[in-house]
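Engineer: Fit chain Z to the known structure of chain C by using the hints.
Protein chains in written order, with the working numbering: chain C, 10 to 280; chain Z, 10 to 280.
What the hints contain is simulated information worked out from the structure, not anything from laboratory work. There's no promise every hint is true.
Just so you know, same-sequence chains aren't split out, so a pair can sit in one copy or run between any two.
Computed list of lysine to aspartate or glutamate pairs in DMTMM-like fashion (alpha-carbon distance at most 25 Å, straight line) [said to hold, decoys possible]:
hint, residue 1, residue 2
1, K204, E176
2, K143, E176
3, K143, E39
4, K123, E46
5, K107, D149
6, K123, D73
7, K140, E39
8, K123, E251
9, K140, E28
10, K123, E42
11, K123, E238
12, K204, D223
13, K143, E251
14, K204, E194
15, K123, E39
16, K212, E263
17, K204, E144
18, K107, E42
19, K226, E28
20, K123, E168
2 protein chains.
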Amino acid sequence: MRVAFQGEPGAYSEQALFEYFGAVESAPCETFEAVFEAVATGACERGLIPIENSLAGSIHQNYDLLLRHNLHVVGEYQLRVRHCLIAMPGAALSAIQKAISHPQALAQCASYLKRRGIQPEPVYDTAGSVKLLKESGARDTAAIASRRAAELYGMQILEEGIEDNAENYTRFLALSQTAVHPDGEAKTSIVFTLKNQPGALFKALSVFALREIDLTKIESRPLQGKPWEYLFYVDFSGAAHEESSQRALDQLGEYALMLRTLGSYARHRGD
Amino acid sequence: MRVAFQGEPGAYSEQALFEYFGAVESAPCETFEAVFEAVATGACERGLIPIENSLAGSIHQNYDLLLRHNLHVVGEYQLRVRHCLIAMPGAALSAIQKAISHPQALAQCASYLKRRGIQPEPVYDTAGSVKLLKESGARDTAAIASRRAAELYGMQILEEGIEDNAENYTRFLALSQTAVHPDGEAKTSIVFTLKNQPGALFKALSVFALREIDLTKIESRPLQGKPWEYLFYVDFSGAAHEESSQRALDQLGEYALMLRTLGSYARHRGD
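Only chain C is shown next, with the shape it has when bound in the complex (with noise of 0.2 Å):
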């Protein structure tokens, strides 16, 4: 199996990847977009792309890109973000002076980084700065990045976890041309538009509210543009062929503007 993801050999995408679908082919793209493309066209059978981070919030563009296409969501992730201190193989950490990253991989370890007296330096990417590292050779500079990366460069790991902040997660969704039917435990998300009334969203979540359906998201992101309207998006417990599921999304089909199921699958539970 062939599965796309956005960024080079070594991302974080790329770790989630293998961690999630095990032993298949990883596909480097280098835009969101491409992703989505790889899997309509059928050159990669699935997509993995990041929806949502602990520390940064929803990506919306990737909402935007789900409504743009039509493929369905059949699978999550939660990746725990570990960036590594990497070095050359047999440089001591008391010789780095300089750190190499993407500018939010460096800020993820600012306090870390001031504390051992490194110098933080930008560049393109986290997995892009171990590939520089190397073709370097320099023995006073490290590259922050995931593990996976240093082990894909032959590289040392001088440290692992250096982030200040322990709580950081990226939930990923895995995409497909068709959908799938999950048993056991599972979740569904939805996107929908409501008309700009009072009391609108409350009677949209009254269909699981009545249901005793659990939601786990709910982000309303507003439309630029149309200063009143509102996107939802909504996951909730269950599947959607579930007749419970299945009577509340034909309910909330009645009120709402548009909604569209971008899929059911199965719970990931993470750490």
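Structural biologist: Just chain Z now, with coordinates in the frame of chain C:
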């Protein structure tokens, strides 16, 4: 008046600051934490922090800082993010081979750069890229940053609004040691947690629906390490001191495990 913001002079946050506060003194801070500290200690009368972006989502870290500090939200501002292609005075657009900026800004202009055959190269931040360009004096290189950064460093704007997606807005919140009681069209921001029971959120939202109070934002955030607990961010129309708001908040307080009113403030309509 002194107003704290995170970033370098010329950052988008500083542009928002001047558009919102007018002629004030801006105080650059290295981190968001430092912005909160500056206001909490009285070093600055106000702070301005980004809280959500239309493409990238809510900035959970700033919600966390709001919960950890006893400051009040006293205003909001929606900034339309318009990236500028900035060059040395007199440099020609046709001579530009390379563009430097923060990776997020480069990514947001990726199609534009590709179309023009300009190579992206990451640096630490948007405003900093203009400073670097000025220092180097390179006439084949452009920086991508705000109009304000170009003006600050006396540089030339070759093109404005080069972002691929025009629906790029960042919402900022103004912080102060003391709360305000806005007249006219107001909004209130609250944060709360609920017991994990089916229908708990539905019950919580009923306090607004029954009083026909409009919600302008709702977002759940899973609490890591507590797989069944959620924080909710809600913004609603009206000021907390109005009678119907007060009654709604009193009633919500009966259900919520934690409830914090972050502040009431005049609504900003944006474009």
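Engineer: Could you tell me which of the hints above the structure violates, numbers in ascending order?
Structural biologist: 2, 8, 11, 13 and 17
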